[in-house]
Each structure stands twice: as C-alpha cells, then as structure tokens.
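A.B. asks: Sequences listed follow chains A and B, in order.
Per the UniProt record's numbering, residue 1 is the first one in the first sequence, and the count goes up by one each step.
Per the UniProt record's numbering, residue 1 is the first one in the second sequence, and the count goes up by one each step.
Simulated from the structure, these hints should not be mistaken for laboratory data.
The reader is advised that the hints may include incorrect statements.
Note that the list lumps identical chains together, so a pair holds whenever it fits in one copy or between two copies.
[Said to hold, decoys possible] Cut-off 20 Å, straight-line C-alpha distance, at most; resulting in silico cross-link-like pairs (SDA-like, lysine to any residue): (1) Lys228 with Asp173; (2) Lys210 with Ala286; (3) Lys151 with Tyr315; (4) Lys192 with Ile289; (5) Lys151 with Lys309; (6) Lys343 with Thr185; (7) Lys192 with Pro285; (8) Lys192 with Thr56; (9) Lys23 with Pro62.
There are 2 protein chains.
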Amino acid sequence: MNSTGYRVAIAGATGAVGQQMLKTLEERNFPVSELKLLSSERSAGKIVMFKGKSYTVEAAKPESFENIQIALFSAGGSVSKELAPEAVKRGAIVIDNTSAFRMDPDVPLVVPEVNEHALKLHNGIIANPNCSTIQMVAALEPLRKAYGLNKVVVSTYQAVSGAGAAAINELHDQTRAILDGTEFTPSVLPVKGDEKHYQIAYNAIPQIDKFQDNGYTFEEMKMINETKKIMELPGLPVAATCVRLPVVTGHSESVYIELGKGGAEVADLHKLFNEAPGIQLQDIPAEQIYPMPADCVGKYDVFVGRVRKDLDTDYGFHLWIVSDNLLKGAAWNSVQIAESLIKLDLV
Amino acid sequence: MNSTGYRVAIAGATGAVGQQMLKTLEERNFPVSELKLLSSERSAGKIVMFKGKSYTVEAAKPESFENIQIALFSAGGSVSKELAPEAVKRGAIVIDNTSAFRMDPDVPLVVPEVNEHALKLHNGIIANPNCSTIQMVAALEPLRKAYGLNKVVVSTYQAVSGAGAAAINELHDQTRAILDGTEFTPSVLPVKGDEKHYQIAYNAIPQIDKFQDNGYTFEEMKMINETKKIMELPGLPVAATCVRLPVVTGHSESVYIELGKGGAEVADLHKLFNEAPGIQLQDIPAEQIYPMPADCVGKYDVFVGRVRKDLDTDYGFHLWIVSDNLLKGAAWNSVQIAESLIKLDLV
C-alpha cells in the first residue's frame, strides 16, 4: 500500500459508467494521489468534480498514460483495443470495462468475490466482466463452493442504462410521448449501431447487443462464456436469454441452477448467501420481501431472493438476482479490482 | 349450429377482460341471438355498446342466467364460485375465466389448439386457463406432438393489464409522477389484496398473485399445475418464475424446454410452428425479427421467436413466446372455446 496514494486515470470519464467510477472512488475513499480524466476529442475540455476539486477532461491519447499506475477504461471496445496496450507499455495496470480483452487467455476476467486470485496472473490488463455476468457469478459462487454446479439457465431483465446515456434519454422521451399521445421514432435501442430500432417504453426487447451466427446475441454469449471463465468451470452448461426492459437502472435475473450434489434445502442456500461477501439476501415471501431493481440503485451489493427448490428436479433451484448494473456491474467491480490489486500488493 | 344464434351472457361485462370479450364476439361475428350483460351492483346501470346497439348492464344474480345458453364469466373467483353453478343449474354452459374451477377434476381446462377434445367431458363448467399458461401451452403443443416433452422452465415478463384496469392506471400515474418528479404511493400492485404495494413504473416485481407456503406464488403454481392438466402430462416437470413489468398489455415468456427425443434442429421447430394453429413464427435474427409485447396488442395469435438449440443439453431448446394477455390469454380463448362448443355440437 502506497502511503500517498496512486496515480489513476479514467478513460471515458464523462460517460455513464465513468461518472459512477468517480463517485465510487470518492465514496470508497480510494487512495488517489493524482487523477487524470480522459475522454473522446468531443468531450475534452469538460470540467468534472472529484472530492471538491475540479478537473479538466483531456482527449485520450497514448501519452496520456505516462506515469499512470492504474487506468480504468470504460470508453468502448475500440478505445480499449487501441489505448490499453499503450497504457500498459507505459507501466500502468489497465482495468478494462469493455468486452475487448475479456476472453483473451492472457487477461484475467475478475469478480473479486469469485476469482480474486486470478489477478496474480495479470500481464498489465485485467478485464471487468459483462454487467449481467458479474451479479450472477457473485451469487452462484457460494453455491458452487458448497455443492458444485452442474447447470445454469438464466433469463435476464436488463435496464437501459447498460446501453448508455442515450438509451436512458430514449426511454424517458418515448415514455412521455406515449403518455402525451405524441409521435416518436426509436433511434438507439436495442443496439445503437444495429439496423432496426424498436420502442422500449412499455415494451420488452429480446435483443441485447448484436446477433451471432448461432442465433444467440453477443450479450447472451458473453454471459455463457464469461461465466465459465470466471468460475473456472470450462465445461459448465450455461444458457442465457437476455431481454431489455423499460427500467433505467438495475438488472434482474431469473436463474435456474442444478447443484453438483444433493442434500441442499432453501435454508442451506440462505445461510450461504448470508455469509457470502457482497451478497444481500432478501427472501421472506410471507412478508413480500424480495429484491427489485428500483430498490438496488446506488448500492454496491448483489441482492438475492425468491430462492426455491425445484419441484421435480434433483438438486434444482430457482433464484432471483438483482444488482445495480452501473455499480457492481461496472464501476464498483472495477474499483473493487483496483482495491484487490492494492491488497495483494500487485500495483 | 343454431341458425339464429345463441343466448349469451357475460358476467363481468364492464371489466378489462369483459370489454375484450364483447369486442371479440363482435369481431368474430359470433352468432348471438340475445345478449345479457352482467356486473357487480356497483357497475349495474352502465350502458355498453355491442354491434351498434346499446345494452344496460344488470347486477348479476342467479336468475340472470334463466334461458341463457352460453355464459362467459370474468368477474373474479368468488363471483364464479357463487354464480357459475347457478347458471349451470339453469341450463347454461359456463366458460369461466377465473381460477375458481380450473383444477377441479370434473372441469375441463381448455386451450382449443391443445385439448379441444376435453370439452366433450364437460359437466356445465369449462375453465379458461391462466393467461401466461395459455400462450405457453399453445406454443409447446406442436413440439410435444412431434418430439414429446421432458422439462419446462419458464420465466415470465407479464403486463399489468393482467391485474385489471386499476393496475393499468397505477402504471400510468406512477410513470407520469416519476417523469414530473412528484410523489406517489403504490396501492394496487403487485397484488390488490396483499399487504404491501410496490412501485411498478421503471421496475420489475417478482411477485404475481399471493405467495404459497412452498415459496412459489399462486401464479407460478397455476402455470405449473395448469400446464400439466391441459397438456395431459401429469408427470411433466414444469417450473415457473413470474414477474410483473411496466408493460400495459402483452405477456412475454423466456422458456427453456427439453424435448422427449433427439434429432430436432431449429429449422424443424420453425416448420412445426409455421404449421401450428394459432401460432405465428417471428424468428429472423439477422433481420432483428422477434416477437415483442408492443407488437402483439390486439392480435389473437401466439407469437414465437428466438428459437435456439441449447449449446450443451441434448434435446434442449430456448423459446421466446409473446401474446396479448387480454385476448389469447383471456377473452379470445374464452370465445374460441364457445366456437369449439358449437363446432362440436356441444351447446
């Protein structure tokens, strides 16, 4: 632990996740001795506050990372692909929130509650997993440890903030147009760069990210492949259906699992969740207590409820997992990785 | 077929489903020779239009059903329990849209595309299944016929109109309050008669109907038990997680199934769906074509898309099933049962 703090850069500082990263560094009182805020040319010059001090955002370029120790990237995959290696070349450790390097075998993909040990193998870049993957593996890890895990089938209920500030604005504008009976033309969701755009207000869109040749979306394949990598279970059967909802922040997941061995009751899973780091159990059906996206906003933890034993399948259980997709799903998990690096003396 | 038409009563004529029943009878040009519209004392006296003629709604009582041939009930379970037997006593066939008689072994529970033959065993009352169950079994039946069915795991994305007009108003009022930054107090959802009420606007509530002792909600148990009864597969493993969304009309379902035998590819399932009655296949990922609730409103069919083979499990497939919960999920399935009764000469 450096007594004066670390020299930190944030690439994508003006974005939805970048803003949450700054807020999280401040809330966690992360030891920052020097802060460099980077963005696209377009956003350069903006003034951003951190701990009561104002910072001018600079356009990110390779030289921006001279003398930086920890670089948090959340400016899109192409920026990461171009600039993360430049930052590493200059001695920084990159914690990358895009999908650019996640499946690279040389890059640890880390959720600290699950595989903090993988950080030790880093070669300069550490990948922050997909938002919907993080909250799921955080909840499944204590069950895997106790019982093993044989199958995962997840259906997601994802918030628009995962698609950035433009998607949030689109949801609000469309909603108001529908309430007022005026016209609107979808232009952002489901995927900004895709051909067709659909109404998100009062709707559910079963497409997040682009379709792959196998009929699954990239978001679904991210959940499938990243879960196996993070949990170090390359043979684990994982299936995902990812759906975008008219919710601003907070991803929810309906997860069916089959444990590796029998004997578990709901009370046993409750005990594991209560003891697990980063997990809050909210599961009292008789009092209508269960997690909901509206309640998780601004919180770091992953909330688990609706824990039920399957009525037919041995070792089968159902879970409802909710978390703030901008925090545990992005900014907080990235800052948490930085905290782990310090704790493990890796920076 | 009666050449002059049938004497029809609707109990619950002023409700969200009752209104759709009237609209459906009119659109289908159902042979009505006489129409009696019934409601609670509170709504009695209201004027309702049918085929350009105005009808005065009367308070429902046992004598209301004198001389009625077909009685469509959608006025809540307690009204059905009290008045359906009275209607039967007076010679009517009751098609009941509540859960009052669905699991009664003497009452056929019918989705015409699946088990029309069960109508022949009726003893006066025929039950219309739960909305989320109907659309699922309609889509699964062609697969069951061709391959058998070994497992069903469904996660639902349900619209507020399933909880009636008060829930629709609550969603709209809350949404406007949030956009305007004003206060609101939830009072209807998740369940009108339950202790606690939660925000539905921009949220997802993993509770539909009341909790049972086993931790499942009554809606989830309806899906589980009704599916087995309608498909005549008492041993079929079915699991359900039911979630309410800020969508006005149109239920969606993410369904994982395991077929009874191998050899099926996505193209085979596509062919079955294209040939199945009441099913519309919408599944061209490369063109972003898939079903969405906003597109299904006002349509009778069940829409199926996102058909994918599971990447790990033999005979495993994933489906996305969407339908208008007030039509195929309620009014249209009820009228369709009435049409089947006429076709089979049972009325």
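A.B. asks: Next step is simple, just say for each hint if it's right about the structure.
C.D. replies: Outcome of the hint check:
no. : hint               : verdict
1   : Lys228 with Asp173 : neither (38 Å within a copy, 43 Å between copies)
2   : Lys210 with Ala286 : between (41 Å within a copy, 9 Å between copies)
3   : Lys151 with Tyr315 : both (10 Å within a copy, 15 Å between copies)
4   : Lys192 with Ile289 : between (36 Å within a copy, 16 Å between copies)
5   : Lys151 with Lys309 : both (14 Å within a copy, 15 Å between copies)
6   : Lys343 with Thr185 : neither (49 Å within a copy, 45 Å between copies)
7   : Lys192 with Pro285 : between (39 Å within a copy, 16 Å between copies)
8   : Lys192 with Thr56  : neither (28 Å within a copy, 52 Å between copies)
9   : Lys23 with Pro62   : neither (25 Å within a copy, 66 Å between copies)
In summary, the structure is inconsistent with hints 1, 6, 8 and 9 from the numbered list given earlier, while agreeing with the others.
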